[in-house]
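Next come the chains, spelled out residue by residue.
Protein chains: 2
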Amino acid sequence: MSQRLDHVYGVILSGGAGTRLWPLSRELSPKQILHLFGTDSLIRQTITRLTKRIPEDHIFIVTGERLFEEIRNHLLTEFPPCKNVQYILEPAARNTAPAIALAAWIIMGKDPEAILGVFPSDHYITDDQPLLDALEKATEAAHDGYLVTFGLQPDRPETGFGYLQQGEPLSQHPGVFRAARFIEKPDLEKAKELIQDPRHLWNSGMFVFSARVLLEEVERYLPELHQALGKLATYSSEDYERFAQQEFCRAPAISLDYGIMERSDRVALIPLSMPWKDVGSLPALAEFHPKDAQGNVAVGHILQEGCQNSLLYSDSRLIAAIGLEDLMVIDTPDATLVCSKERAQDVSKVVARLKETGAQESVSHRYSHRPWGSFLELEKGSTYQVKHIEVTPGKRLSEQLHRHRSEHWILLQGTAKVTIDGKEDIVQANQSIFIPANAHHRLENVGKIPVRLIEVQNGEYLGEDDIVRFTDDYGR
Amino acid sequence: MSQRLDHVYGVILSGGAGTRLWPLSRELSPKQILHLFGTDSLIRQTITRLTKRIPEDHIFIVTGERLFEEIRNHLLTEFPPCKNVQYILEPAARNTAPAIALAAWIIMGKDPEAILGVFPSDHYITDDQPLLDALEKATEAAHDGYLVTFGLQPDRPETGFGYLQQGEPLSQHPGVFRAARFIEKPDLEKAKELIQDPRHLWNSGMFVFSARVLLEEVERYLPELHQALGKLATYSSEDYERFAQQEFCRAPAISLDYGIMERSDRVALIPLSMPWKDVGSLPALAEFHPKDAQGNVAVGHILQEGCQNSLLYSDSRLIAAIGLEDLMVIDTPDATLVCSKERAQDVSKVVARLKETGAQESVSHRYSHRPWGSFLELEKGSTYQVKHIEVTPGKRLSEQLHRHRSEHWILLQGTAKVTIDGKEDIVQANQSIFIPANAHHRLENVGKIPVRLIEVQNGEYLGEDDIVRFTDDYGR
Chain A
1 MSQRLDHVYG VILSGGAGTR LWPLSRELSP KQILHLFGTD SLIRQTITRL TKRIPEDHIF
61 IVTGERLFEE IRNHLLTEFP PCKNVQYILE PAARNTAPAI ALAAWIIMGK DPEAILGVFP
121 SDHYITDDQP LLDALEKATE AAHDGYLVTF GLQPDRPETG FGYLQQGEPL SQHPGVFRAA
181 RFIEKPDLEK AKELIQDPRH LWNSGMFVFS ARVLLEEVER YLPELHQALG KLATYSSEDY
241 ERFAQQEFCR APAISLDYGI MERSDRVALI PLSMPWKDVG SLPALAEFHP KDAQGNVAVG
301 HILQEGCQNS LLYSDSRLIA AIGLEDLMVI DTPDATLVCS KERAQDVSKV VARLKETGAQ
361 ESVSHRYSHR PWGSFLELEK GSTYQVKHIE VTPGKRLSEQ LHRHRSEHWI LLQGTAKVTI
421 DGKEDIVQAN QSIFIPANAH HRLENVGKIP VRLIEVQNGE YLGEDDIVRF TDDYGR
Chain B
477 MSQRLDHVYG VILSGGAGTR LWPLSRELSP KQILHLFGTD SLIRQTITRL TKRIPEDHIF
537 IVTGERLFEE IRNHLLTEFP PCKNVQYILE PAARNTAPAI ALAAWIIMGK DPEAILGVFP
597 SDHYITDDQP LLDALEKATE AAHDGYLVTF GLQPDRPETG FGYLQQGEPL SQHPGVFRAA
657 RFIEKPDLEK AKELIQDPRH LWNSGMFVFS ARVLLEEVER YLPELHQALG KLATYSSEDY
717 ERFAQQEFCR APAISLDYGI MERSDRVALI PLSMPWKDVG SLPALAEFHP KDAQGNVAVG
777 HILQEGCQNS LLYSDSRLIA AIGLEDLMVI DTPDATLVCS KERAQDVSKV VARLKETGAQ
837 ESVSHRYSHR PWGSFLELEK GSTYQVKHIE VTPGKRLSEQ LHRHRSEHWI LLQGTAKVTI
897 DGKEDIVQAN QSIFIPANAH HRLENVGKIP VRLIEVQNGE YLGEDDIVRF TDDYGR
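Quick note, the sequences are listed as chains A and B, same order.
Take 1 as the starting number for the first sequence in the working numbering and just add one per residue.
Take 477 as the starting number for the second sequence in the working numbering and just add one per residue.
Isolated chain A (complex conformation) (with noise of 0.2 Å):
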């Protein structure tokens, strides 16, 4: 068995558009890397869960390109940092059939024995016990070719998830059934008639499955995708990028349940009884926060008078809410949100429409993590950009230089050496330097507490992209 688990790998499915709890997540800030759910987040609640059974370099996570430094920096800078995690990036957002027949075909070729166990990034769960022991089962029974999902006990008529049919056990493997039926998510009445059948199981998003017997599987039931999978194995490095997106994207965007689980005979299911939440709403983060006596939950800097069942949550600024009822009131920096709870569906079809604008808004918060630290933007003109930046003691940015700005840095707290073209500053609190443009510069903290300084930016163009970057800590 020991011997086994040397073969088990995790995938970490962390894609997702960050629009169903905006204005908390954006597109580059979704759901699973904030800080809501707890003290880590819940893409790094995944990981230390499955580091109990795999070793952290056994575990990749499936994004795309533009989430990618996001998700790695946010894993960098947590305490402790996951350095060994690794990264396998889907040329397009394709739903989860092509991305984990993807991850499947890059472990197989590392490792033919492979056993993968697939996990949503953003599931909270308080004990995770029922799921590590179930673990060790599904990948007995995986590596006796089953494609082995998990259904969770339902508590309530939920018509959020779709559902899984538990079928006759398997004798090799107790514990372990087949897979009667999956059944979509349904409306209220079929979800009360689905609970009164202790049959009927909420249908997880975990699998385990040997890499082989899915690729077999997708070969069977969806023969482009595993086309195009040895298609992009042909291509050269440099012809990757160009190439491997629109091979990717002649494969059907399909679900795994809908493209596989649902047509093969291989499936089987373990049912679980496990505290469990998918926070898919924004009213779902009430149950995060204790509520006062009117039912109202307040995160934050909130003055509130003869509210009632409202979620009103604060960043920063203070909210006054007075004589609500069931509302939200959510604030961030940049954006504030005021929805009705029985409108939070509607959420996301907003955010869709600031999309179509190009809205910033939509797309990134105003404080951002690097794996040096942070930052925070304080201003932004056509001309002219402020910043409140954070460097970690001991930490230093890449050795870079900006072609269309110069910086000017006033430290507020800290000493830092800075070195400019060459040359070597020690720059403490209330001094300032300056970093012309087109100088090659970097900024490391050699001190004890964390470096704290305003950098004001002045150029014609102020892009995060007009950056050239010479030596790096982080390989970027």
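One or more hints might be untrue.
Unchecked claim - Label pairs and their calculated CB-CB ranges: (1) B/936 / A/129: 50 to 56 Å; (2) B/879 / A/424: 49 to 55 Å; (3) A/436 / B/542: 42 to 48 Å; (4) B/765 / A/295: 15 to 21 Å; (5) B/945 / A/437: 37 to 43 Å; (6) A/468 / B/879: 41 to 47 Å.
Stated by the list, open to error - Here are a few chain A residues that face chain B, going by a calculated C-beta distance under 10 Å: (7) 299; (8) 301; (9) 321; (10) 335; (11) 347; (12) 357; (13) 415; (14) 417; (15) 421; (16) 456.
What the hints assert, rightly or not - Just so you have them, the derived chain A footprint on chain B, three or more residues with Cβ under 8 Å: (17) 608-617; (18) 771-785; (19) 830-843.
Since the hints were made in silico from the structure, they are not lab data.
For every residue, glycine included, the Cβ atom is placed at its ideal position computed from N, Cα and C.
Let chain A serve as the given structure and place chain B on it in line with the hints.
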């Protein structure tokens, strides 16, 4: 008649707690200096209206010590600036009777024949011709010893104003009547009854009387106030601040209506038919903006979906509003109010709670006017502060020093002359300069476009009152 107008003075009452339109208004940014109602602020509109009949240096603004600087800055930065208006500082806020009696006392000291026209600073009047015409009639009546009030033709059973009952005509003064009765703010039933009778008019809170006659009535009906005014005059300017407040507070805090007008038999009334608004609460703001088909008013960067009859107002940030009904969302850089329209009267209550905690959000905005330009607070920590400062072409700040903080200035735009301990420098966009603590310094915009700069303050104490001024163009 024209000779008589030489003795006419405008008295503009400009106290106000800045609570009813919070968070748009603040203690130091009351309604009358906001730019919400047309291009000019309401106090500026009031001054412009009066200067059609009264020279600017005959206009006195009565306000409190804290608000004085803000109002003067406001009137100096408006274009063209009101440089010649005079200011009367109430030693304490004690309602309108003490404020108006103090103004009468001071102005009569300068001109024993003074006739005062007393006006609130926050009325919105689109056509002031009826008022200007009435002013001449009122001056005649005041000259004959009448205390003249103005009654406005009601167009609805308003419960937010008091009412006046028109009495017999004054034979000597066509268009002027006896005031038969003062009626307190009625309930809705009573208001409906009142407006059935065309003799009932809204009490406008505007008055015209001779300073001498008013003070005779003060002596008769509010003897403690008359005594206090007498004593104020005996203090030397050194003692004034110490004793005036104490003295002033011995007299009752009472409105002119209750204290004098309801009791005096010298009260006259001029009926006025004039488009007039008292913007007494946030819902009234909606009347200044166009409504969409669902009755919503949206001002600023707003994205709404399925809202009805709501007021959505944003200063700068994005507000997304979904499924709101009869709601107000008022967003400012440091505070957001979300309030059901029918609870608008509770805004003051919440602001009172806020004041108890000493919260800055009840006192001032992050944006401040100065006679030389303006500043915006970008970030504030315990030992540092970042501001964006704008200096009007040709203007300069006072020569000053700070005991506790040093300042870094990084120019974003324009050309400034900076003098530090007697040494002059020209500083341009993308240059920076450092002002150590205790250095005499002065900043002047010597160019033709606004100077914009980022100021980074470092220090142990960052209060605005850590300033020693040497010379100042604005007499501060």
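Okay, which hints does this one fail, numbers in order?
2, 4, 7, 13, 14, 15, 17
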